[in-house]
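Here the protein sequences come in this chain order: A and B.
First residue of the first sequence? That's 5 in the numbering used here, and the numbers climb one at a time after it.
First residue of the second sequence? That's 1287 in the numbering used here, and the numbers climb one at a time after it.
Calculated directly from the structure, the hints in this document are not laboratory data.
Hints are not guaranteed to be accurate.
Claimed, not checked - Each computed DSS-like pair below joins lysine-lysine, with the alpha-carbon atoms no more than 30 Å apart:
| no. | chain 1 | residue 1 | chain 2 | residue 2 |
| --- | --- | --- | --- | --- |
| 1 | B | K1410 | A | K259 |
| 2 | A | K28 | B | K1425 |
| 3 | A | K188 | B | K1468 |
| 4 | B | K1468 | A | K13 |
| 5 | B | K1517 | A | K28 |
| 6 | B | K1521 | A | K13 |
| 7 | A | K251 | B | K1410 |
| 8 | A | K13 | B | K1517 |
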Amino acid sequence: MADLTINTKLVRDILTGFINTEIKRSGYSRAVINLSGGVDSAVACVLAVEALGSENVLALRLPYKTSSPDSLEHAQLLIDQLKISSKTISISGMVDPLIEAFPNMSNTRRGNIMARMRMIVGYDQSEDFHGLVIGTGNKTEILLGYTTIYGDSACALNPIGDLYKTQVRQLAGELDIPSVIIDKPPSADLWEGQTDEGELGFTYEKVDQLLYLLVDQRYSPSECVAEGFEESFVKKVTSRIQRFQFKRSLPPIAKISSRTIGSDFLYFRDWGT
Amino acid sequence: MSIKIALAQINTVLGDLQKNLTRHLELAAEAESNKAGIVVFPELSLTGYSLQDIVPDVAIKPSIDDPLFAKLLQASKGIDLMIGFVEKDARHRYFISAGYLSGGEIVHIHRKVYLASYGIFDEKRFLAAGDSFRAFDTKFGRFGMLICEDFWHISSPYLLWLDGADYFLLQSSSPGRGVTDKQIGSADWVENINRSYAGLFTSFFAHANRVGFEDGLTFWGGATLYDPDGKLITKGPYYEEALTYAQIEPAKLRRTRIRLPLLRDERPDITLRELERMRKHG
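Isolated chain B, as found in the complex (with noise of 0.2 Å):
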């Protein structure tokens, strides 16, 4: 069975939930009415991304009792949500999180890890880290999820690989940076990791970035999927809002894994000795 993915590269509104939450739902519906089976917001799409002081105002507490949540959840009766927003927790702390929502239900919360915090980046003054990576069943497979900085550390997407992800659905706010005489630096870079993992975990890998401006930030876009040849099988465009749609074909995962058995011949076993024989020695 062939899944329709529709990535949404859109722009935000900063700080304002009700704007941002109106774009997804029309996405949602523009999507489920072109017969897709899932819809991918970027990171923080609920939000925008350069929050700062604004994070207590805007951040959430998923659930069918958030009013606005509960908007997200009947959507995703229809198709399946990944979104991205801030998430409040009982005792005041504040998560970066990408959600997955399938049939009126909360099926996967992921925090972000990795809290880029250099250069332009300032999310550990305002956020709290999340600690895990766990793999989880939808109706399509099973699926990862990962937020921007976080794929950026190679034992991210592992974790979730030897956890039995074989989709993975990566969103981001990256700005653009490093315009050279070809293209914009950051989008060569994410593009680059994106299809190598495709390649190294023989497996689905979709990214949606945002776009627009935040003061002199200018978000690129460019919504990709790779599969698990590391073939590029779309491409959204850059610096345009888009949704972007693919086939994700799961019979490509067999062909692919018996030409070239990287799952079946790997050794968690051995990466994790040495790991804790690297903490016992320092």
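Just chain A, same shape as in the assembly (with noise of 0.2 Å):
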């Protein structure tokens, strides 16, 4: 078994401090989290707080006439545990029209335009309270291309995107987050009863492990498998991981001109700050 343990006081500290130094050095103080009711939003959440200060945070409950009431309820919690404003906001009257226009829209077509209304919504708040929204994607789902392109991923910045999925949840542990969210079954949330490990085929546990063989230590498929995973799991991950590599990426621009954005044309954003 690969340990993927992380001394989580450090990471506490370091992430605390990106926060911090890359919404100020953006000019601004303030910070807008779409809170899902989740781990990893609630993570982030508490790291913005941690970092900017609780009047400095805006969270959002953006629910679905069907998601759950449980998200909403365990969203609050939060909300009332770190004393920070909010704001419910119900997406349904702006969702239902699409959805409505096209009789037997398929799951996936719901979700992503669920998830893309929330980044809308997400954004104009942050315009309103003059706030950076902060990204909740976690390693694992970005690796594995679990994630609505411009909508779920849109962000300014994200502090957890290099933790994987049971990483962010021994973060939870160190940061007080109630324990209803760390052990309930990871849920996007989009219709009924779906399960982000029921959706995946394998659980987070599981594919972490892999991941982290794969991707940290530089372990070739083949190697894995000797450790012990199945051929097919390895195959079914890796190709999960190219497949979904436009959406870890900028578009791509064709060149025409001597410098071209993105291939000649390269600074850090932090440019100048």
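These two chains come separately, so use the hints to put the complex back together.
Written out as structure tokens, the structure is:
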């Protein structure tokens, strides 16, 4: 078994420093977070409050009519615990006209529309709140492409994107997040009864072990099989990593000129700050 | 005579020479007022690390004629400075350089030889490599300077040691990575080699690493000074700006080298002969 244990105290310090610095150097002091009721957004939210102060964080609860009441309730638990301001905005009235225009729309399409509507509401609220949108995607889902491009993956900065799901849970333990949030089955809650692990077909515990060997430790797929992972599972995961690279990249720009944005016009975002 | 050294683990503004210069002058003045003889800044302390296409815009020809460099030379009349900057030559090549300034003069410039170009690093794409390791004399003794990836190659401190360096000043912009259940992997690695070098070369090893963030990179600080026994004399905090002071006791060189005469017994002639044999026979 690979050891994915992290020094949670150290990671907490690094990530609060990261949030504080990256928001302030952009000329802001506030942040907006979509609180889903799950552990990822809970962790990002606690870190943001530590980095910026409770008065500088706005939590959004953005339910759709089929969303689980537990999601709302768990988000509220955290809002009350952190004493941060929040807004609850139903996205049903925004999403339904589009869904109803196309009868028999697939769950995937409906889910993507909801994720992107939450992005629109989040960015709109961030303008009103004069803050930046904090992302809540973890390393497992980013690598597996288990995100909606320009939906839940859209953000100004992401403090937890280099932590596997099981490491986010470790960090949650350090951050005094209610155990009901840490222990429940992860779900995008885009339709009733949906769970991440049900949809992906494997558990986070298992896939994090494999991803850690493949990505962090640079094991070859055949070495992972030799470590005891089923070949079909290794293939499924490696093909997902490759297939969803587009979700992790900016759109390619066709090169015409002698200097092209993205290929030879190269600056860090933090240029000048 | 004891030497008080100040290790300046600063944050930088990416590509803003003036703001970084101001920080250097503030900390040099602070270190001077605290009676330090030397202040060591991190790699690329005048520019920030992740420069990419900014490189030509922040490059300096180090001389009294450069208004920015002139201010540093002025400051060096009160305290010796080791700084990090992008150096340009007359033919438009750009180097990652370390400068040692003292008494208003440039005492030595070291151009980074080993440019890190793998993983998160991409230095070779934007910068030219130096081609020498030279020790140099200061009012405190004979020094050697190395920049980050330079000291991952064991031949670099070895050559400086044979060239007479007793005091090694190392500067880095080392991003934190490989966090485990214990500490930052990259801090662990750097501290291990600094401690090992101090013991193996029976010399003083000072290291200043920057702090702050550049996009997702997180620089960990943690300045250190090890003595010729490999003993940790001082350590700066992780991830915070700090000016960390330590006393260098040159007498320790004598005591350690009597106990452990590695320098006396070193056989560079064998090294050279064997290297020449390998070169000749492939």
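Quick rundown of the hints versus the structure:
| no. | hint | in the structure |
| --- | --- | --- |
| 1 | K1410(B) with K259(A) | holds, 23 Å |
| 2 | K28(A) with K1425(B) | violated, 43 Å |
| 3 | K188(A) with K1468(B) | holds, 28 Å |
| 4 | K1468(B) with K13(A) | holds, 10 Å |
| 5 | K1517(B) with K28(A) | violated, 39 Å |
| 6 | K1521(B) with K13(A) | holds, 20 Å |
| 7 | K251(A) with K1410(B) | holds, 28 Å |
| 8 | K13(A) with K1517(B) | holds, 27 Å |
In summary, the structure is inconsistent with hints 2, 5 from the numbered list given earlier, while agreeing with the others.
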